[in-house]
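Student: Protein chains in written order, with the numbering used here: chain A, 18 to 129; chain B, 966 to 1077.
Just so you know, the hints here were simulated from the structure itself, not pulled from any lab data. None of these values were measured; they are calculated from a predicted model. Treat each hint with caution, since some may be false.
Straight-line alpha carbon distances no greater than 25 Å define the calculated BS3-like cross-link-like pairs of lysine-lysine that follow [unchecked claim]: (1) A:Lys74 with A:Lys86; (2) A:Lys74 with B:Lys967; (3) A:Lys88 with B:Lys1064; (4) A:Lys86 with B:Lys1064; (5) A:Lys74 with B:Lys1064; (6) B:Lys1010 with A:Lys88; (7) B:Lys1044 with B:Lys1010; (8) A:Lys82 with B:Lys1064.
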Amino acid sequence: EAQVTQNPRYLITVTGKKLTVTCSQNMNHEYMSWYRQDPGLGLRQIYYSMNVEVTDKGDVPEGYKVSRKEKRNFPLILESPSPNQTSLYFCASMGGSTDTQYFGPGTRLTVL
Amino acid sequence: RKEVEQDPGPFNVPEGATVAFNCTYSNSASQSFFWYRQDCRKEPKLLMSVYSSGNEDGRFTAQLNRASQYISLLIRDSKLSDSATYLCVVNIWYSSASKIIFGSGTRLSIRP
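Bound conformation, chain A alone (with noise of 0.2 Å):
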């Protein structure tokens, strides 16, 4: 079955304390993007990997990381995590001849 899956779906960690939420995709896509979701803010992309080796930022990467080492996963790192990243987070790959995006079931994050 076709799909993105994302690890931990729910993490609750204190400031300060290094984390990294795992995003992997089985459909071969090069395009992967991370986004978190904030009410009234809508999704807001984090960073995206246009293939392998290549990232970028999005419109919030302030306070990620992320790496591409490999064409199916894609983890999103947070090297000293606040609380204003408490939010709810979503890894999307997409490829193929359309441009759809497919999300992983996402990962809701609290940072105390």
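Position chain B relative to chain A; hints supplied.
Tutor: Chain B alone, transformed into the frame defined by chain A:
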């Protein structure tokens, strides 16, 4: 001014009604357009792509007006299961970068 603007709603309509949403975008270089549906606390899923010629999928019709820079979604004979948030998405592709912009969503609630 937001790059993609939607009326946040909520739209509260009776079952069987016809409901229409509009979404405006500010960047004339925008190239592809979509409507996504998002159920509460779930990931967004593609509802339909939007073309200048208009496209229809069952009870759903989407239209793009490039001159006025807006896209629309029409839902006919609405069902209870149509209750969701509808997200307008605009993609802009550059030679080595991309920008994907989500509207903040329009909430639709269908009542029996």
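Student: Does each hint hold? Answer for all of them.
Tutor: A quick look at each hint next to the structure:
Proposed proximity of Lys74 (chain A) and Lys86 (chain A) is supported: the alpha carbons are some 17 Å apart, at most 25 Å. Between Lys74 (chain A) and Lys967 (chain B) the CA atoms are separated by roughly 19 Å; this keeps the pair inside 25 Å, and the hint holds. As the CA atoms of Lys88 (chain A) and Lys1064 (chain B) are separated by approximately 20 Å, the hinted pair is consistent with the 25 Å bound. At roughly 22 Å between alpha-carbon atoms, Lys86 (chain A) and Lys1064 (chain B) fall within 25 Å of each other, so this suggested pair holds.
The straight-line distance between the Cα atoms of Lys74 (chain A) and Lys1064 (chain B) is roughly 10 Å, inside the 25 Å bound, and the hint therefore holds. Taking the CA atoms of Lys1010 (chain B) and Lys88 (chain A), the gap is near 22 Å; set against the 25 Å cutoff, the hint holds. For a cut-off of 25 Å, the pair hint linking Lys1044 (chain B) to Lys1010 (chain B) stands: about 18 Å separates their Cα positions. A threshold of 25 Å between alpha carbons decides the hint, and for Lys82 (chain A) with Lys1064 (chain B) the separation of about 18 Å falls inside it, so the pair holds.
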